[in-house]
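Based on the provided sequences and hints, a complete structural model is requested.
Take 3 as the starting number for the sequence shown in the numbering used here and just add one per residue.
Keep in mind the hints are simulated off the structure, nothing from the lab. Be aware that one or more of the hints could be misleading.
[What the hints assert, rightly or not] Computed spacing ranges between beta-carbons, pair by pair:
1. L98 x T69: 35 to 45 Å
2. L98 x M68: 43 to 53 Å
3. R74 x T18: 27 to 37 Å
4. R62 x T87: 35 to 45 Å
5. G114 x R86: 41 to 51 Å
6. E108 x D84: 30 to 40 Å
7. F64 x G24: 31 to 41 Å
8. G10 x G89: 22 to 32 Å
9. V14 x P122: 23 to 33 Å
10. Q67 x G24: 27 to 37 Å
11. Q67 x L12: 50 to 60 Å
12. A99 x P45: 51 to 61 Å
13. Q67 x V14: 45 to 55 Å
No residue lacks a Cβ here, since even glycine has one placed at the ideal position from N, Cα and C.
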Amino acid sequence: MEPTSWLGLLAVLVSTCGSAWGAWMGRTRRTVQEVPEGAELPPAPVQPEGTWVVSPEMYRWFQEQMTELYQRMRTMEDDLHDARTQGARTTRLLTLALVHIGHQDERLRAAGIPLVPMDPELIAARDAQ
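Written as structure tokens, this is what we have:
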């Protein structure tokens with residue numbers, strides 16, 4: 003095999019591992035915010051019959067529910083922002099690593115040294131074809 007094919011294989015391997023790692027981290031880190039199956043809001047306080055006035059208890063209950071909802075939404079938005087930032091950073095680092103590997107490969111090939119020395123059996127098998 004030629005060094006460029008090894009470099010391509012390395013690039014595919016690095017990007018695949020990075021994608022799998024990012025997906026796994028995103029899945030395991032985000033499960034904390036998931037709502038459990040069958041979870042319901044606590045029941046509202048009972049209103050007196052025949053009235054349209056909201057009692058202070060009902061108003062407090064509604065405020066508590068909205069506060070909890072907005073806190074969960076903010077947490078989820080922060081987690082999403084962190085995940086996107088981490089994904090962009092990982093992509094940027096992988097790109098820089100691949101560029102660096104490419105430069106190293108060019109330098110070593112110019113010096114007559116392949117980046118990944120091949121086993122003599124592989125060289126013989128390649129030359130036999």
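Is 30 to 40 Å right for how far apart the beta carbons of E108 and D84 are?
Holds, since E108 and D84 (Cβ atoms, about 36 Å apart) stay within the stated range.
R74 paired with T18, Cβ distance criterion 27 to 37 Å
Holds: the Cβ-Cβ distance is about 34 Å, inside 27 to 37 Å.
Range first: 23 to 33 Å. Now tell me if the beta carbons of V14 and P122 are that far apart.
25 Å, holds
Using the beta carbons of G114 and R86, state whether their distance is inside 41 to 51 Å or not.
44 Å, holds
Between the beta carbons of L98 and M68, is the distance compatible with 43 to 53 Å?
Since the Cβ atoms of L98 and M68 sit about 45 Å apart, the hinted range of 43 to 53 Å holds.
Taking the CB of F64 and the CB of G24, does the distance hold inside 31 to 41 Å?
Distance hint for F64, G24 holds at roughly 39 Å.
Outcome for the supplied range 45 to 55 Å, where the beta carbon pair is Q67 and V14:
This hint holds: roughly 49 Å between Cβ atoms.
Could one say that the CB atoms of R62 and T87 fall in the range 35 to 45 Å?
37 Å Cβ-Cβ, so the 35 to 45 Å window holds.
Is the gap between the beta carbons of L98 and T69 within 35 to 45 Å?
43 Å, holds
G10 versus G89 beta-carbon gap, inside 22 to 32 Å or not
23 Å, holds
Honestly, do Q67 and L12 meet the 50 to 60 Å range at C-beta?
With a Cβ separation near 53 Å, Q67 and L12 satisfy 50 to 60 Å, so the hint holds.
Using the beta carbons of A99 and P45, state whether their distance is inside 51 to 61 Å or not.
At 55 Å between Cβs, range holds.
Hint check: no violations occur; every hint is consistent with the structure.
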